[in-house]
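J.: Which chain is which? The protein sequence lines are A and B, in order.
Numbers in my numbering are just positions in the first sequence, counted from 1, shifted up by 895.
Numbers in my numbering are just positions in the second sequence, counted from 1, shifted up by 15.
Hints in this document: simulated from the structure, not taken from any laboratory.
Keep in mind that a hint or two might mislead.
Subject to a maximum C-alpha distance of 25 Å in a straight line, what follows is the list of computed DMTMM-like cross-link-like pairs (lysine to aspartate or glutamate) [claimed, not checked]:
1. K1013/A x E924/A
2. K66/B x D968/A
3. K1032/A x D1079/A
4. K925/A x D44/B
5. K66/B x D910/A
6. K908/A x E62/B
7. K23/B x E943/A
8. K1102/A x D33/B
9. K1102/A x D50/B
10. K94/B x D910/A
11. K908/A x D44/B
12. K23/B x D910/A
Small disclaimer: the values here were computed from a predicted structure and weren't measured.
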Amino acid sequence: MSSNNADTLVLNKADSTLTQVMQAVANLEKAEPRRSLSIGLSSSATTELLGLYLRKHGLLSGTHITIHLGNYDDPIGDVDSFLSAGIEHMVMLPFLDTLMPSFEAQLESLTPELLAAKELDVRNRYRMAFEKAKFFKSIFLGSFHRFGHAADVSGADAVSDVLNRFNQALREEAAAFPNICIIDTEDVVRTVGHTAAFDARFYFRSKAPYTGIYFNELARRVASATRGFGTHFYKVLVLDCDNTLWGGVIGEDLMGGIKLSPYDYPGNIFWRMQHEFAALERNGILLCLCSKNNLADVDEVFQKHPEMILKPSQIVVKKVNWNDKPTNLRALAQELNVGLDSIVFLDDSSFECDAVRQQLPMVKTIQVPATLSEYPRVVKEIKELFLAGGISADSRCKTEQYRQRADSVTLQTQFESQNAYLASLEMKVELSCNETGSVARISELSMKSNQFNLTTRRFSEAEVIKLMQSPDAAVYSLSVSDKFGKAGLTGVVFMRYFDGVAQIDNFLMSCRVIGRGVETAIWSEISSNAARRGCAALRATYIPSAKNAQVADFYERLGLPLTDTTVDAKYYSAALTSFTPPVTPWIELTYVG
Amino acid sequence: MLDENTLKQVMATLLTVDITAIDSEASMDTIATWDSLRHMNLVLALEEEFKVSIPDEDAGNITSYKLIMLVLEELLQAK
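Extracted from the complex, chain A is given alone in its bound form (with noise of 0.2 Å):
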């Protein structure tokens, strides 16, 4: 073993001394940085040792951090040397007791005039210390907590009064500020436990109240909520079935044999934790399969075992097969078209766990713990992997969209023709004509369509509208849906009726749709409709922009004729007689008019 795996060994150990952890960092960041990045730390208490446990996190994630230490309880002077040094991150740790000496034990002799005093002159204190910090790019605050305990056994007292209410005031002054992240340290205390938190000989002496291993949770929590000082970005959850979603082998135990009722031991577990997989899919975490099995097999626990939690349509890809896993996680990454390295894997078997990790270094491997009433734990390491950072509303059910999309990648290897491929999408296309209900979709689209945009032409509302009821216009509008869901309207192609000429003043689409057919499918319906009206002749334009290149030769693949070229424009006519746009048969086409 290399002198740094055994470093980084100490690292990892929960009962590593701090002389341990001091040499392993100190060996550690001899090394050339691979990352680096700068802390600062400003608290009302003396957090010096919190520094080493950063230091230590960074290290784990393959980041060497520099730490910058502020004044004793200086918000404001603090972030202004922060900012001089060029430092970019800060942790920020106001402490309750040293808001006033001994604040905590003085509160219940303070007048209500003098707290709500106190509580403005630390919301004004740290709104100026944040308004300055405002283009740092992350603050990691810490939440007040209490020193002391409540003397009361129902925990509630002058202090957790006073607690909720400072909390709160912090928690209002952040608000404003997307760059700050609030950690809870009460939930710090109570997990790693009052007693080991504290030291009170420090305290009272140094107004040094933590503990290393207090320090050690917090930084944990902080590389948690940096994905590890932004070092990964995991998006897709890999899971194993046999003894990792159910008890038991499906394939020898059988329907009836494996272990997942919610009232016995040990499927309860089992149960318990596709309950919590399920939750990280409702919060846009994309869940596939990997297991070693027949397909049938885990299809039928899907779609009849009474007890399943996990649906199929919460399964965006499924490799279940018996080929290699390094194998199948790299085919999935493939379909997904996300790195290896945004992949978090779970599985129960020693084996495979290796097999990855040695071949896919960048997955991040979990084994199923063997005690089976750890496997909670496990998971809430691996929902923290995933939600710590925090997640936003739009990456919500993701699952839905990717899957679409991964359905059609592995569509798309079984055909041999691509037309063959495009007929078993079962591809429908419903065409409009003046569409009311629709003009503020296709005022958008045709907004904010770019790439497939042949004039670039933009219309508002209003002109939509005007267009609609102009005698001499027509707006086309075309909903694409097949079998994975609807696409919705993603098509629109404005006509310009005059003197016997059909011309397209503009067609656009939606990058959604490109490259099935749609594009073309549309064009029959169109040109009958100006053949009724009178029209002899169809003319088109292409304009060309920055970025619709893609579109350059449209025209000429519908069946156009290219009539002169500028500099600014290719112009196309045909009559309509001779117009016979490409055939699309894979394509059901409705017209409603």
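Following the hints, put chain B in place on chain A, whose structure we already have.
T.: Relative to chain A, chain B alone:
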């Protein structure tokens, strides 16, 4: 018996000096990096390493190698 090598190693690590700097005369006065912040961490590290609990009244005062030896030996004998 107190393992002096271990003691020197802990002190050197915590005070970020070479182990040769920790001799019998080492104290807060002779070692520039030995400030009150490092001293707290040193006490915590000594407690952890030797599995003792250094009483409050001693914790702040053991600011030399000799004093640390003295207190640790007493605590270890009492175990």
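J.: I'd like to know which numbered hints this structure contradicts. Please list them from smallest to largest.
T.: 1, 2, 4, 8 and 11
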